[in-house]
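Knowing the structure of chain A, use the given hints to seat chain B on it.
As given, the protein sequences belong to chains A and B, one line each in that order.
So the first sequence is numbered by our numbering: it starts at 47 and just counts up by one.
So the second sequence is numbered by our numbering: it starts at 6 and just counts up by one.
Incorrect hints may have been included.
As the list claims (entries may be wrong) - Residues on chain B that point at chain A, a partial pick, calculated with CB under 10 Å:
no. : residue
1   : Arg-22
2   : Pro-23
3   : Arg-25
4   : Phe-33
Honestly, the hints are just simulated from the structure, not real lab data.
Fair warning: this is a prediction, and the values are worked out from it, not measured in the lab.
C-beta atoms are modelled at their ideal positions from N, C-alpha and C, and glycine is treated no differently.
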Amino acid sequence: MTAAPLPLVEQFQYGLDAPICLTWELTYACNLSCVHCLSSSGRRDPRELSTAECKAVIDELERMQVFYVNIGGGEPTVRPDFWELVDYATAHRVGVKFSTNGVKITPEVARRLSGSDYVDVQISLDGATAEVNDAVRGSGSYDTALRAMANLAEAGFVGFKISVVMTRHNVEQLDAFKAIADRFGAQLRITRLRPSGRGADVWDELHPTAAQQRLLYDWLVGHGENVLTGDSFFHLAAFGDSLPGLNLCGAGRVVCLIDPVGDVYACPFAIHETFLAGNVRSPGGFTTVWRESELFTDLRRPQSGGACTSCSAFDACRGGCMAAKFFTGLPLDGPDPECVKGHGESALAAVDSGSAPRPSLDHSHRSRPVPITLGRRAPVSACNENPLAGIGLSIGPR
Amino acid sequence: MFDLDAAWQVSPQVSIRPERFGALLYHFGTRRLSFLKSPMLLSAVGSLAEQPTAREACLAAGVPEADMNAYRSALATLAAAQMICERSSP
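Pulled out of the complex, with its shape left as it was, chain A reads as follows (with noise of 0.2 Å):
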């Protein structure tokens, strides 16, 4: 197209008035317990946003014409007012695409649904088979997940997503979740897994290896847009053509978050004071949070490679996630964790053991212990913070 004064990508990294879309965690609370969780979920937070006040959020959403939300939790549906507030946002003409494990998606719940075009539906799975899925998920979750998918499809919503945060454990399951998704008539989204909320205490044994991410890129590649990514692995594109998709660091730019207490991240996998940018409840609200914050100000600035500048793969990568290199003890201007030319590797060998960012909030459930099955044993040490250290839990090979 001519008369375009800079490329797209450009026009976003200087950020735009109003987010593309926006992630929204409506509640904190969950019924699982999900050792990944990237919010921590467990138990509501007391000072949620009341029913008026995420009416009040949408109004201005309206207003700021963003196109829809991604509500997620926590489990959002547990909410009371969670279906008052996605009729009042698609009467309002924001469209909503909901996270859920499916404990609400009963048939009826599911006719409702497939009614409406303004409401997509996103079921999260991370196993194309119960065992790999329940040892992240919990027990019972796959069971929870499909029951719902065919709850859908049996109710003719069509294209519904099926979500999956790619681990160790599931790469070689792609074509299964693929098979899973043609099954229901769904399309099948797969993001990445961020060392986030709990998702810092399992990174180091559950994101994929240097091996599964070459198999995960290529495999990428043979599906196109048929798969959706959320964008989350531009990173790959280093190993040579960009996957479908912007292709850029979105936070606080064209995407961010809002979390149930009202406080506006940069990005949902950035839950951490250093990314808060202001709260809803503030005078001026979301929209000025938006547009005036200091750090969202801060991160539209054209931003420095730092040691990657040099890299001859700077230009397809842009250095990779930020709340990836962040949760890890990176520097934000070096190389991604995950780097695919092995310098986030190097780079992580330099961080002190200990020394990374912990996530400022916790809503895990204190009581109920999370069952995981993992390769290997934690590293145990008297440092160490991670509440899975040292107690009794299945962790043992399998």
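Frame of chain A, contents of chain B only:
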């Protein structure tokens, strides 16, 4: 081949958000996002429903004849994504 001499309109399920670079388009049915990469293209797309043909919408937006092929292919891409659709009466 996109028919510049037919009557077109923005699909009813599409929302347009003007931006410095042009505009963002979102289709609530397909849940797809598209970009209009110039204000002139936005102006042309925005007037499709009022102009008898797509060509006239482009000309009214100030598109030079020499650029018409580039605009035709941009409109073809939008049509393929169901962002714009043919209207029955010109």
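Let me know if the C-beta of Arg-22 of chain B comes in closer than 10 Å to any C-beta of chain A, holds or violated. holds, 4 Å
Hint validity - Phe-33 of chain B Cβ closer than 10 Å to any chain A Cβ: Holds - the Cβ of Phe-33 of chain B comes within 10 Å of chain A, reaching about 5 Å at its closest.
Do the numbers back the hint for Arg-25 of chain B, that is, is its least Cβ distance to chain A under 10 Å? holds, 7 Å
Under the criterion of a CB-CB separation shorter than 10 Å, is Pro-23 of chain B in contact with chain A as hinted? This hint holds: Pro-23 of chain B lies near chain A, its Cβ roughly 9 Å from the closest one there, short of 10 Å.
Checked against the numbered hints above, the structure violates none of them.
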